[in-house]
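Chains as they are written, first to last, in this note's numbering: chain A, 303 to 972; chain B, 303 to 972.
Since the hints were derived computationally from the structure, they do not count as laboratory data. Please note that a few of the clues may not be correct.
For identical chains, the list gives no copy identity; a pair is met inside one copy or between any two copies.
Straight line, CA to CA, 25 Å or less: simulated BS3-like cross-link-like pairs of lysine-lysine [what the hints assert, rightly or not]: (1) 789 with 350; (2) 338 with 451; (3) 789 with 762; (4) 350 with 762; (5) 360 with 542; (6) 334 with 629; (7) 629 with 350; (8) 542 with 629.
Each chain is listed here by its residues.
There are 2 protein chains.
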Amino acid sequence: MAHPQSTFAQTAFHGPSLLRARRTTISRTTVKAQLKQLRDTGRYDCFKLQWHPVYDDKSSWPVPPSLFWDSDVAKWIEGACYLLADEYDEEVDRAVRELVDMIRGAQQPDGYLNVYFTVVEPDKRWSNIRDMHELYNAGHLIEAALAHKNYYHNNLLLEPIEKYVSLIHSVFGPAEHQLHGYPGHPEIELALLRLHAATGSTQAYELARYFVEERGNPRGQDGMHFFDWEARRRGDSPWKRPDHYPVSRTSHWYNQSHAPVLRQTSVEGHAVRAMYLLTAVADLACLDELGVRAWPARDAYLAAVRALWDNMVDRKMYVTGGIGAVKQWEGFGIDYFLPQGTDEGGCYAETCAAIGVMMLAERLLHVDLDARYADVMELCLYNAVMTAMSLDGTAFTYVNQLASSDADRSVRHTWFECSCCPPNLMRLFGNLGGYLWDYGAAAEDGEPPFVNVHLYTTAKVTFQAGGQEYVFEQVSDWPWEGRVSFKLQAPAATTTGLAVRLRIPGWSAGGYTLTPPCPTATLSKGYLSLPASYTAANPTFTLSIHGLSPRLIAPHPYTNQHTLTLARGPVIYCVEDADNPWEANHFRDITLSADARVTEEERTLAGERYVALRTVCRPRDLRGAGPGSGRASGGLGAERELVFVPYYLRANRGGKGHMRVGLLNQSVVM
Amino acid sequence: MAHPQSTFAQTAFHGPSLLRARRTTISRTTVKAQLKQLRDTGRYDCFKLQWHPVYDDKSSWPVPPSLFWDSDVAKWIEGACYLLADEYDEEVDRAVRELVDMIRGAQQPDGYLNVYFTVVEPDKRWSNIRDMHELYNAGHLIEAALAHKNYYHNNLLLEPIEKYVSLIHSVFGPAEHQLHGYPGHPEIELALLRLHAATGSTQAYELARYFVEERGNPRGQDGMHFFDWEARRRGDSPWKRPDHYPVSRTSHWYNQSHAPVLRQTSVEGHAVRAMYLLTAVADLACLDELGVRAWPARDAYLAAVRALWDNMVDRKMYVTGGIGAVKQWEGFGIDYFLPQGTDEGGCYAETCAAIGVMMLAERLLHVDLDARYADVMELCLYNAVMTAMSLDGTAFTYVNQLASSDADRSVRHTWFECSCCPPNLMRLFGNLGGYLWDYGAAAEDGEPPFVNVHLYTTAKVTFQAGGQEYVFEQVSDWPWEGRVSFKLQAPAATTTGLAVRLRIPGWSAGGYTLTPPCPTATLSKGYLSLPASYTAANPTFTLSIHGLSPRLIAPHPYTNQHTLTLARGPVIYCVEDADNPWEANHFRDITLSADARVTEEERTLAGERYVALRTVCRPRDLRGAGPGSGRASGGLGAERELVFVPYYLRANRGGKGHMRVGLLNQSVVM
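Whenever a hint applies, use it, and build me the whole structure from the sequences.
As structure tokens, this is what we get:
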């Protein structure tokens, strides 16, 4: 089982690219900026188990502000370990070592390892699995331990974490004396499955599968839904509920426990939780697929995951790849409810959720090589994810709205009270190499090894198959150019070759040129298959993806968003007042014509190349609009020029924070 | 102070009209159908103070299902008393007398009069003013008592109610020993002001004004917001909250107590509560206007009410006059959030809220004779209100969505657990005559008496001014025809005449013909003023309002509802599968062209004339739509005929319950 978090080290971003630029910024700046935040806020020292003034803050319920601190630290360690491998930094190395020492020191004799429930409410362990993130924190500690082990080649973190996993394994499970619960915020499931993949731990596999399969059991504990049972045990009134729950008693959908996963037909609730949960389900399927662990229910679960994926992508995903329209539960609204911003009814599109989509897509590609998953993975990467960090790597967004408003301008922050997103970006870019491709020995004897290329950039992967080392390289100025040069190095190039499958993105409408041509190439589900004989004969070859010129995207008509969005390849564009300083109303009244000519303009920002787009727009006149008239507006004003930049570049150049992705289609005004 | 509830008796619907037809149905059928519901559900006997099985139902919190029973009975009595005046019915008369006996018998020695807090939780009186509707129920009892007194000319109901008001006046107020509270659901304020107008009660005036002025005081009781203070007194956790409250601690906007009325700038929360509250504010202003009771803050309050009115009408009102998009709090969403149905994100438009708009508009016309208030009053009457009852008078809607969906078909029910709307319709139509016009002696000496005509129909008003009787009559087939004939009867016709002001509806664009002409007539704020000399010289005259042909209405562009709605005069139209049985998706994909020719068709249903409209539509093809394409849809299908009926007629003729008001503007597809 090859997770990106372990395979990334086999990939080197060996030449210039947009992805490498971002990764380098994170490695050189973000890691330390976040380390400073950890220190300044008290997180860094929290595993010392001393009292911190934040613990006196009882203003929020049920989740105190420090509840996720363990995970913030763990995610930072995980990301730092990924990035140290590329570029050593003494300060970062020292901090990781010190944090690991503190974590080891914080473990209780029975293996328990959680700051809040050791320091603040030691008698409340495992009493509110729905809300209190104990298992979520444990999951991130597991992931940190795996990254730490990979970089440091010691068990200083893994050893206490495995002890903690054993404790959790004893607490939760099907036996009568055990709690038949599962995390309110899924995460530990996918972490346990990575632990299983790395160490073979049976406990880890059992526990993850139990959490997945038990979830949503309406009568799991004493004939009750587990979360109802534990709420009753706590003595909570049924009408006492966290602010994330819009109504009492019927909000189990918030954490995807309203029904067993197998019976869920639409993706609901908190978007990050949904993605982490489904990633674990896909992981279980992958383990079965690979013959590591048989999972009799695999096909049924995969069918459920695919249906949920389709529901999400077809009806609940923004054109940026962002998911989750509703702020209150940080998650999905009803089908097609995708307003662009606060003043239209919401737009959350949390950074972590888009990262979760990438994780889920990556797992699904292992069981079903279909470019529709990779297309969405890339869409998220270049848009909903990359937009969440400033070019200098020190400022972030948590919510990634598609349109600003006076109430929510397009601005960034250096940190958040609940700061899950910034370290998640660090982790993701740390192991980004693992998302580019799958590769290895073929499943069947006699077949040549393979590489399935999902994402294009400049990078090189080195792997072993059949006792031989393969080095496969791609060079491209993606996403600005569609030309990707591949090179298979000797000796593989002169012997077996590699079976190579190359993604042909959906937006290219299947258009590509392969040089030299390959008469036996086949195109299936968006992947162009090149036989090993071709790559053996042509160790260097070039793929040019067509259709990289600017195009207009319309959301589904049922969204009631009669907008046009400019895109170019995988990059979604937005308008900002930085380029269009005349704008005073968040581009709410600016219209685009579907026929307008769009021109490209090469630009550089902070040394980074990008393509800006120019077209003309017309403002609509709202005078005379409204129920009193038969017209949707008072018509259109004069044409003026409008400049677009990639959405991921927004909020980097000052201005008033006016920004919009989808502009009104002029046809609704004409 | 002339409330419609007292002036209605001076108006007779003396000839055929749509309004009379509906009022007659209510008088002959609805009153008895609702009486049967009261009997069948246990409400009828509730004032006997015996245990009813419903009191054992603890499944809802904080509001038990029987909490509003007092008001259901009171509203039925009120409506019955209005209608008995027109047409005597022995069964109804007997029921009113019996109910009054039971209410009298239910009063406690100290004057307290509430079923739930006498029978079920006698120790919880006045402990949860925010949620428990004690004061709301009391308000409706006051209104019933006033109607009862007017019809029966005795104090059998008014006497115990006045005693109850005295008790409430002793409990609530500014003195240290009093509760500094006000009703979570406003209603008693406007009832107290009617009581004051009818009896001169100083207690009633003081209490109403206290409730209005104290509302939203952030430090009203022991330095706390009253509702926070009483919640703490009850020992409620801040995170325990009714399902109507989306989040904890910050939901005072739900009942308009988030700020003093004077500081509210947008209309928020539960729509009925907002309307009842603002009606009382307008009543206080009217009492000052009339010199009955000086209110130093009048101008400031009126400015606040007008700003809230404008916010509501311009940004938060459906084209039907319905208000309240959000089901959870039965109230207003953000500005321009007006989805047509459940599958677009909501549409509540409760019947009682539209009735509340009519009440508020009627009050505002007393202080500011502006047709914009009367236009909205009429819009609500013929659409959002009238749509809520079946033609036969036995079935109702509570929610008046503008588009059905599979989750919420366009259907009616004979009763509701919380059944505020059906008896409210009965009350409204009972005193509807009071909404048609204002009239009386002029404020200044030497000026002739006046009639301001707000609504057109066939009716006659009789009133005294300057010791002389005036009889003024209008005859019209409104809303089907724009011609209204007026007649001023002798002797007034031959002596002073009447100063008459006639509303020229906004949709007529000011177009009218007056016969015979009046050279000295002036048009101001949508009212055409005819001097008394004109009516003395022309005791019969005719007004013809122009612009009654079908027209298309577009909602404000910021609603993102790129729809066209057919209207004709004050009547809003809808499509139903009853006329268009080929429809299978709630007309969600049916488009109208702004240029389509619309023809009229005279029809009759259950003996009632109406005008149906015919035009052509084209379905949109959704194949190929969505983010993958640059197009908002796959284009348009072939033209087909589409039949529209008045929205108020919906759900009367069987079918599948597919209905829609606003149809997609074809321009968004082209």
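Cross-check of the supplied hints:
Neither within a single protomer nor between protomers do residue 789 and residue 350 lie at most 25 Å apart by alpha-carbon distance, with minima of 51 Å and 92 Å respectively. Only within a single protomer do residue 338 and residue 451 lie at most 25 Å apart by alpha-carbon distance; the minimum there is 24 Å, versus 76 Å between protomers. For the homomeric pair residue 789 and residue 762, the shortest alpha-carbon distance inside one copy (9 Å) is at most 25 Å, but the shortest distance between copies (94 Å) is not. When the C-alpha separation of residue 350 and residue 762 is checked against a cutoff of 25 Å, the pair qualifies neither within a copy, at 42 Å, nor between copies, at 86 Å.
Taking identical chains as interchangeable, the C-alpha atoms of residue 360 and residue 542 lie at most 25 Å apart whether they share a chain (16 Å) or sit on different chains (16 Å). Taking the closest pair of Cα atoms, residue 334 and residue 629 never come within 25 Å of each other, the shortest separation being 30 Å inside a single copy and 47 Å across copies. In the homo-oligomer, the alpha carbons of residue 629 and residue 350 never lie at most 25 Å apart, since the shortest distance is 34 Å inside one protomer and 48 Å across protomers. Both within a single protomer and between protomers do residue 542 and residue 629 lie at most 25 Å apart by alpha-carbon distance, with minima of 20 Å and 20 Å respectively.
Violated hints, listed in ascending order, are 1, 4, 6 and 7; each of the other numbered hints is respected by the structure.
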